[in-house]
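> The residues making up each chain are set out below.
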Amino acid sequence: MVDAVVLGAYFVIVITIGVVSSRRVKSMDDYYMGGRRFGKVMMTMYAFGAGTHADTAVGVVSQSYRLGMAGIWYQWLQIFNTPLYWLLAVVFRRARCLTTADLYEMRYGRSLGTLFGFMGVAINLSYMGLMLLGSGRLVEALSGHRVTLGWAIALMLGSFVFYALIGGLVATVWNDFFQGVLTIVMSFLLIPFVLNAIGGVSGFQQRVPNAGALFSLTSPGEIGLFWIISTAINQMFSLVAQPHIMSNMAAGKSELDNRIGFTAGVSLKRVCTVAWALVGVLALGLYQKTGVAPDHVFGALIHDLLPAGFAGLMVACIMASVMDNGAVYLITTSALFTRNLMRVVRKDAAGDRRELLISRIFSVVFAACSVALAYAFEDVPSGLRFLWGLTPLIGIAFWLGLWWRRANRYGAWASFLAASISWIIGVTAFGWSGNQALPKLIALNLGTGLVAGAVVSLLTPPEPEDRLDRFYVTINTPIGEELTLPTGAIVSEGAA
Amino acid sequence: MIGPRGYRRLVGWKNWEIPRPGKEAVVGFVCVLAVSLLLHLGLVLLCKLFQPG
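Chains as they are written, first to last, in the working numbering: chain A, 30 to 525; chain B, -1 to 51.
The shape of chain A in the complex, shown without the other chains:
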């Protein structure tokens, strides 16, 4: 009863935010970018909330339960790259684009914008499927299996479609703020309860024979130094290709707001990751002999250890997290569809209002497709590994073209095709799957993609000088300053 009251109260707050926010959506920029009016705290919580959902916690707890503290690397990887994100945040903001596909188009031309549009939809579908699976498993475990995976997914789907349709990015960012605070509290709340249940640190060491090995940051045969380095590099190519990264890095009021917001959000998530990994390992002291499935451990801990009311709060937190992350995926995918894909079949430009309507209809179709994918993944970690293979395929072209003027559209296509073919060969012909094969697969994908991109670029004609000048001047000029090309011509911001 207490759980139901807490759950109900939380939903009232979240839906009120959505309804109030919907009044501020008057244009495409409002819907996709929240009018670029968020400050440091909101941007931090947006970056934290958009990168933190139930499957993130379920995945880390699941891997730590199976491998020990080494399982933390499933989410800890970004910490190596975080300083680089400080520099990257301004590139996305200065690009003055609504979608990442627009950025690819500005650098390489329309064909790459369309390619990113297709890849972006596929990537977001996979992220959404994974999120639904992870959250569904968590709700399943939290309810003591009274709510099945199918019902949990249906409930979450309904809530975030509603949320994205009414509010756009403003509602999502405000929801991220509340959900973010709650996630941080809930992540650490479980630790004293677990420690109490197993008799503290000494109790854990007595209950689990190999306690020392479990607190090693590597796991022999699965997660070693090569795994850590290769997946960290892979994350750099993956992050820039995530379709929602444009709003994540560019929806702030100023460059400093974007920089602080994104890096602080990413770092905050890693702090919570420590709590999840610790809880996953300590759970061995409770469930080692009971045979709880790794994906169910997080939910089982909350169900078994937290007092009445907290389980409801946790379900509310998960639902809110799924609502706003699902909304982010829906908003960014509908932006890709209306701006970068629809024009392939429709040559005439739709008006702002009509585009908003089409975007909202597409969101519903997209959400339905993601359910099918939720059932396609074997478990959360295997779903994450799939995404680590898929997302960087299009990210290679970003890094090739960011600083190297000679990279061109032919090289960008070659990098995508070579990496894709390598990935398929690695998985099907060589049978590379699971943790052990992941570093080899990454080395093959990224290696062939980078080499193919560079060689083909050098062997084919460069991009027109005018396009290159516009691109580099745009990404290196703060918003509000004049865009002056090397020829002396001044470009208006709208034309950039």
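Worth flagging that the hints you see were computed from the coordinates, not collected in a lab. A virtual CB, placed ideally from N, CA and C, is assigned to each residue, including glycine. It is possible that part of the hints are untrue.
Stated by the list, open to error - Quick list of in silico lysine-lysine cross-link-like pairs, BS3-like style, CA-CA up to 25 Å:
#1 LYS318/A to LYS69/A
#2 LYS21/B to LYS69/A
#3 LYS282/A to LYS21/B
What the hints assert, rightly or not - The following residues of chain A were derived to be distant from chain B, with all beta-carbon distances above 12 Å:
#4 VAL70
#5 VAL120
#6 ASP131
#7 ARG139
#8 LEU218
#9 ASN225
#10 ILE262
#11 GLN317
#12 TYR439
#13 PHE459
#14 LYS469
#15 VAL485
With chain A held as given, fit chain B onto it using these hints.
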């Protein structure tokens, strides 16, 4: 053709457009790096705390 531009490049190599980072970029980069290293150190210390002996 690489003519005058509104930003300064880090290296003078042809075909490379790496911008020279400003004060905000350098200071922020170092601060984020320090936070990142501290988080790593904290994680290592936590693991030591839970290891027997």
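> Give a verdict on every hint.
We went through each hint and held it up to the structure:
1. The straight-line distance between the Cα atoms of LYS318/A and LYS69/A is roughly 46 Å, outside the 25 Å bound, and the hint therefore fails.
2. For a cut-off of 25 Å, the pair hint linking LYS21/B to LYS69/A stands: about 19 Å separates their Cα positions.
3. For the hint linking LYS282/A to LYS21/B, the alpha-carbon distance of about 20 Å falls within 25 Å, and the restraint holds.
4. In this structure VAL70/A is separated from chain B by more than 12 Å, as the shortest Cβ-Cβ distance comes to about 17 Å.
5. The Cβ of VAL120/A sits about 9 Å from the closest Cβ of chain B, inside the 12 Å cut-off, so the non-interface label is violated.
6. Annotated as non-interface, ASP131/A keeps its C-beta farther than 12 Å from every C-beta of chain B; the closest such distance is 19 Å.
7. Its beta-carbon lying about 22 Å from the closest one in chain B, ARG139/A satisfies the requirement of being farther than 12 Å from that chain.
8. Non-interface call for LEU218/A relative to chain B: holds, since the shortest CB-CB distance, roughly 17 Å, exceeds 12 Å.
9. Every CB of chain B is more than 12 Å from the CB of ASN225/A (nearest about 16 Å), matching its label as outside the interface.
10. Even its closest Cβ contact with chain B, about 16 Å, leaves ILE262/A beyond 12 Å, as expected for a residue assigned away from the interface.
11. Annotated as non-interface, GLN317/A keeps its C-beta farther than 12 Å from every C-beta of chain B; the closest such distance is 16 Å.
12. Against the 12 Å criterion, TYR439/A stays outside the reach of chain B, whose nearest CB is about 16 Å from its own CB.
13. Residue placement check: PHE459/A keeps its beta carbon more than 12 Å from all beta carbons of chain B (closest about 33 Å).
14. Every CB of chain B lies more than 12 Å from the CB of LYS469/A, the least distance being 26 Å, so the non-interface label holds.
15. Under the 12 Å C-beta cut-off, the non-interface status given to VAL485/A relative to chain B holds; the minimum distance is some 15 Å.
Violated hints, listed in ascending order, are 1, 5; each of the other numbered hints is respected by the structure.
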